[in-house]
Each structure stands twice: as C-alpha cells, then as structure tokens.
Amino acid sequence: MRKRSRLTLLIGVFALVVAACGGAETAETTTTTSATTTTTKATTTTTGGETTAPAEAEPILIGATIDLTSFMSPFDAPASLAAQILIDEINAAGGAAGRPLAFEAIDTQVDAEQYKAGAIEHIQNGASILWVTCDVDFSTPAIQEGLNAGILTVAPCIGTDQMGPKRFGEAGRIAFSFGNMAQDEGAAMAEFAIDQGWMRAAIARDNLIVYFQNVVDAFKVRYEELGGEIVLEENWTNGDGTIGNVATSLANADIDVVAFSTGFDDLPGLVTGVRSLGSEVPMICSWACDGAFWVPEGLNEFYYVTYASVFGDDPSAEINDLIAKMEAAGSKPTTGGFVGGADAVKVLAAAIDATGGTDAQALADFLENMTDFPGVAGPISLSAENHTVFGRPYRVIKITDGKHAVVDVRSATSPADIG
Amino acid sequence: MRRRLAVWHLLGPSLLVVAVAAVGTTTSPTIQFQVRSVLVTAAIVVSLYVFVGNSGVISFGHVSFVAVGAFAAGIASAPAEVKPSTFPKMLPFLANLEIGNVESLLLAALVGAIYAFWVGIPLMRLSGLSAGIATFAVLIITHNVIRNWEAIGPGAKTLALVPPTTGFLQATVGLLIVMAIAYGYQRSRWGRRLRATREDPLAAQASGIEVHRERLIAFTLSGALAGFAGGLFVHLLGSITTEQVFLDLTFVTLAMLVVGGIGSMWGALIGALFIAGLNAFLVELEKGVVLGARELDLPSGTRLLTLGVIMFVVLVTRPEGLTGGRELSWPIRRRRRV
Chain A
52 MRKRSRLTLL IGVFALVVAA CGGAETAETT TTTSATTTTT KATTTTTGGE TTAPAEAEPI
112 LIGATIDLTS FMSPFDAPAS LAAQILIDEI NAAGGAAGRP LAFEAIDTQV DAEQYKAGAI
172 EHIQNGASIL WVTCDVDFST PAIQEGLNAG ILTVAPCIGT DQMGPKRFGE AGRIAFSFGN
232 MAQDEGAAMA EFAIDQGWMR AAIARDNLIV YFQNVVDAFK VRYEELGGEI VLEENWTNGD
292 GTIGNVATSL ANADIDVVAF STGFDDLPGL VTGVRSLGSE VPMICSWACD GAFWVPEGLN
352 EFYYVTYASV FGDDPSAEIN DLIAKMEAAG SKPTTGGFVG GADAVKVLAA AIDATGGTDA
412 QALADFLENM TDFPGVAGPI SLSAENHTVF GRPYRVIKIT DGKHAVVDVR SATSPADIG
Chain B
2 MRRRLAVWHL LGPSLLVVAV AAVGTTTSPT IQFQVRSVLV TAAIVVSLYV FVGNSGVISF
62 GHVSFVAVGA FAAGIASAPA EVKPSTFPKM LPFLANLEIG NVESLLLAAL VGAIYAFWVG
122 IPLMRLSGLS AGIATFAVLI ITHNVIRNWE AIGPGAKTLA LVPPTTGFLQ ATVGLLIVMA
182 IAYGYQRSRW GRRLRATRED PLAAQASGIE VHRERLIAFT LSGALAGFAG GLFVHLLGSI
242 TTEQVFLDLT FVTLAMLVVG GIGSMWGALI GALFIAGLNA FLVELEKGVV LGARELDLPS
302 GTRLLTLGVI MFVVLVTRPE GLTGGRELSW PIRRRRRV
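Top to bottom, those sequences are chains A and B.
Its first residue numbered 52, the first sequence is counted upward by one per residue in this note's numbering.
Its first residue numbered 2, the second sequence is counted upward by one per residue in this note's numbering.
With the rest of the complex left out, here is chain A (with noise of 0.2 Å):
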C-alpha cells in the first residue's frame, strides 16, 4: 500500500511538472476596444476598436511586464492605464506610421523570474517594444530580454539615469525612460529651495533605492553650486529601525530646509517625527512624496516636486482631461507617474512615424536626438548621454494644513552632475 501511495506521489510531481511545462495552452489575450474597459487582469490588449487605422494593418506590439497586483502597482498601473487611454485616442487618429498600436500586459508581481518569463513571452508573440516596470533593479531581467533580441525596450517612470548605457552598456543605447530623471528632480528641488531664500539646509539620504539616493545627491550638488550650506547630513535605510534618530537629528538643527527623498513606512515615520518634536522647517521632497495617501493630518510647509497635480489644480488642460479620462475608466490617479506612460506612448508613435516602422537602433537615434518635445505635462528631452528623460516642468506642491496646492512649475536649468 505504502509502495501503491509513493507510486501515485511519483507520477502527480510528473504529471504537475508536464502540466507546468505546458499541458495547457495559454488563453488567447484579451482584446479591449476603449481603455475604459481595463482591468488588472493578467493580460490585456488595446488596439483601438474604433480606430481609423487601416483594419488591415498588423498592430504594432507593444508587450508590457509590469506589476499590475503588488507593491509596484500603484506606479506600473496608472502609467499603463495612460498608455492606454493615449493609444486609443492614436489609433483614432491613424495610429503610428499608418499601424495601429497594441498593448499587452502581464503581471509580474515583482518577481524577477516573472519578469525574465514575461518578457520572453511578449517576444515570442512579436513584440516590437518592450515596456517594463518602474524599477530599473526589478526590470533588469526583462530589460536584458529586450535589449538582447534588439527590441526597443521603455520604462514609463524610472526615476534613475541607470535605464540605458551606464547600466547595460553598449546594448542599453535601445533602452529608455520617461520618468524624471533624479539628477533633474533633485536639481530642481535645490533651485527652488534656494528661490526661496532658504540657504541653510539639511538632506536625508534613504539608500533603500538608488532614485533616493540620486535626487538627494543631486539636491546637494545644486544646492551647493548655488551658494547653500549643507549643514547635516544624514543617512539610513528604509525600514531599518532608525528613523527616530534621524527624524530627531532633523528636528534639532539650525536649517532653514530639509531635503529628502524617501517612501514606505519611513515617509510618514520621518514627517511625523520632525513635526512632532516641533520643528516646523520647511521640508521639500521629490515625486516620492507625491499623493495624498500617506499624508498626517494638519501637516504645514511640506513641499514636493511632481509629475502633475492629481488635485484638480494642475496648470495643464491636456493633464486635466487625462485625469477625467482615468477616472472615468474607473481608476483615479493617485500620484502624477501617470504622466510618463502617456509621454511615453506619444514618443513613441511620434518615433515609429518619423522612422517609419520599429527598427530599435532608428528609434534610438530619434530618442537621443529629441528636445523639447511637447508631452502632456509639458516639454521634455533625451540625449545620447541621458537616457532618463529630463527638463519636464516640475509641479511644485505645497502641503498646508494636510491641503495639496501647486505653488510654482519650474524646470531644472540642467540635469545635476553628480559622478
């Protein structure tokens, strides 16, 4: 009997391993005609049922390996939706070099194999662009999918210059992203930083991940550039116990600002912590501290720099409209990263138009080559060496009494040079 039962248990590992290995044939994706109809299911495809593209056009793919269920999904989801809604209004438009364009997405929930096996799948069912999470570190193994079958591969909202050459060399000239680059945010926080006369200035330095500690860098190196003193510097690591002590440190100083960039538990632990201790310095974060969400009650002089407003008070029409676009596709953006994955979709259809079809190494040389281009929150570039999008125009946001407010729209003057 005990023989009969190991038997059995031999041939179910078997069976389940064969099974596995693809027993069963995957569903075919799902198609939706209106990014109204999105949903966070594991695989979804755009083509734009009412499209003015020629019918019989091949789509041009774009295969998505995104997080759609887990801790990335407040940035992957939003940007996706934006894609989404902005490929919709392409295709009814003619869609790119007369090809409608196609977006399929799968949910990785942050897990590296699912990233790798995600991105061989979009390959295999011929992908010509490749978009990826919003974390160069979690992408990694579907970028170098993409950058090895010589697929142009995109992330919506990396923060970091790291999605490009200096991660991947030579084969990262094909990889982009349409976040804010941390060189340029950082910049930006230092310039306003010092517009307001604040000379004098703490930084907090989170190197839980590398945009923390790049915004926070480059604050530092504008900052100085431009006459300020960093008078303390502190360093931790999200998550790592310390929070108290360096909320405390902060508090205690004789600073006219901090700066910091950071975000999970410790966001609200280090906001709390200085305010509670009675300090009430300005603080001014980076897009990190974007939304509502986390924010304590009655919290004064906090200010960030962001993609957009999700407040109803962004400058913009086009983000205004956006915004009423998501909502009514029934998701609400909680924080402006949605900016990058319509940025990222106009670039792109301007490219393959201006390219005339998918070649990565020619819509590389479009990419590097591209200044000032109109995106949705404003103008924005690319260069051969910045491959992180940079000079988009910061909201900046003041916080008052728990209130969300932009004060001022400013581009950095340059990217930060930070080694």
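These are calculated hints, taken from the structure and not from any lab test.
Just to be clear, a hint being listed does not mean it is correct.
[Stated by the list, open to error] Computed from the model, here is a short list of chain A residues facing chain B with C-beta under 7 Å:
| id | residue |
| --- | --- |
| 1 | Asp188 |
| 2 | Pro192 |
| 3 | Val261 |
| 4 | Ala379 |
| 5 | Ser382 |
| 6 | Lys383 |
The structure presented is a predicted model; accordingly, all values stated were derived computationally and were not measured.
C-beta: ideal position from N, C-alpha, C; glycine also.
Start from chain A and add chain B according to the hints.
Frame of chain A; chain B shown alone:
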C-alpha cells in the same frame, strides 16, 4: 539487492530530473525558462538537504551561501568593460575580472565552501533553536554586507549583464551533479556518522564521533553546493539583486524541503519539483489557460495564497512530508517468503 537499491536511490530521482528536463525542452520558450528555474531551485533545495537532512539542525542561513555564490559568479563573469563605470566603488581587481561560465561556477562553489567553513567553525557548536537563530543571523549579516559594501558588489543596484548560460543542459547536469554529491555524501562514512549524531548525539559522541567536526564537514559541503546552485541561479536570470537571495528564497526553499520530506534526498527533490512546478503552473493559470473546451483563469495575485493553502494541507495530512523522509523505493515489489 542492497547494492541495486542504493543505485536506484540515485538513479530513480535522476531519471525523474531527466524526464522533466526532456519534457521541458518541447515547450514554448516561456515555459522552458520556468522549467529551468524549477531545476535550479531543486539544486538549491538538495544543497540545503545535505546539511539539514543529515544533521537534523535547521539552517536559516543557507541562502547566504547561495548569495555569495551567485554574486561571486555574477561579478566574475560580467563584462569587465562595463563594471568600472557601473560600479565605480568596486575593487579594481573585481571590476576588471572576467572569467568564463564553468570557471565562474567553480568559483561560486569554492566561495560558498570557504564562507560556510568559516562561519561554521563557531556555529556548528550550537544545536537546536540556538543553531537556527545563529544561522538566521548569518543570513542577515551576509545580506547587509553584500548590500552595503560596494567595494565587493553592486550594493543596492542590480548586478546586470551576467551571461545567461544556464540552459537546459547546464541546469540539468548541474542538478544531477548536486544530487550525485549529496547522495554520495549521505552514503559515505561521514554522512553516516552525521546521521548518527542526528538520531542520538550523546550515543554518537559515546561511540567516538566528533559532532562538531562532522557537522562542519556537512556544512562546508552544503555551502559549496549552495554556492554552485547560486552560480546556476545568477546565470539563469542574467542578473541578481540582494533581495532575490534573501528571506523569500530562504523560506520557500525550507518549505520545499519540509513538504518533500526533510530526511531524504528524494524528499528534497520531490518537495522542490512539487512546489516549484505548482508555482509555475499557477503562474500560467493566472494568465488564463485553455483546458479542453474550458478556460481556467485564476485572479491575479492568488498564486501565493493557493501555494500557502496547498502547503498547509500537505503538512497537515502528511507531517513527515510527501515522501515520509524516505528514499525512493524499488518499484518492483518482491514476493515475501512465508
């Protein structure tokens, strides 16, 4: 019969591995990758078994050896022309180092062995809960050192551009090598002595067995195999971050070992194939699969929940694991003489 059974204990599991790999090669590129991943995961679990299964001491720190192996193989084989600019703080000799695939796997095994031997000297004096906590501390320390010491690694960044050389042949042969060494060890005099200390440490000591020495040998061998499996892992993905070789992998691989049956190599293999295979199957179900005339479609994100429930059910109904901690039995039943 005994000798035939001994051969079968290695041959049977090996045939299963070859069969899984052979079926895997006939599938789509996406599924092929998933199967290669299953094989590499199985190599990690078998390496864990070499120490945990034979000594009876739970180690939460073995993924440290996978990590050092993965980073050693990855850093040593990534292109030298990119590393100095991508990782400016890396030691020059590491930044300029570029070796081939096989050499990097051997290096991974060597680094894993040396590290395991070094930390094992004090740790192997501990038993039970103390040993478990101490090995967990090794995991945390290793993670923090690799993550923050940018002279020896990429720090918080992903190590990219590692040649993705773990194809079917390498994954299969790699797992078979790990299994052969694991089985050879458990049949050796060192393996038997260690198993004796597992069953009754006092009696083993009274028989002249040095518990510390036997555990240290197994820990070092296990570290070498874990480092080697780490090398296979980094060459499978083509990149590595410190988070990929930390808590999740620790608990998943331990769960695989427990579900399969902690006391046998067959259990380690079955646990790994069962859980990793099930995981791959659930990934496909989340995407939606057509089975005959019906479409099966799990909501996104239910994979981990389902895996947890299945593991719970297995452990409740078979607390000794799927295999009961026994090696694969001879398939043909002998008639008993009355």
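Against the structure, the hints come out as follows:
1. Residue-level restraint check for A/Asp188 holds (minimum Cβ-Cβ distance to chain B is 4 Å; threshold 7 Å).
2. Restraint check, A/Pro192 versus chain B: the minimum CB separation of about 5 Å is within 7 Å; hint holds.
3. A hinted interface residue such as A/Val261 counts as satisfied when its beta carbon comes closer than 7 Å to some beta carbon of chain B; here the least separation is about 6 Å, so the hint holds.
4. Hint status for A/Ala379 relative to chain B: violated, with the closest Cβ pair at about 23 Å, above 7 Å.
5. Using the Cβ-Cβ criterion of 7 Å, the hint placing A/Ser382 at the interface with chain B is not satisfied: the shortest such distance is roughly 15 Å.
6. Checking A/Lys383 against chain B by beta carbon gives a least distance of about 21 Å; that is not within 7 Å, so the hint is violated.
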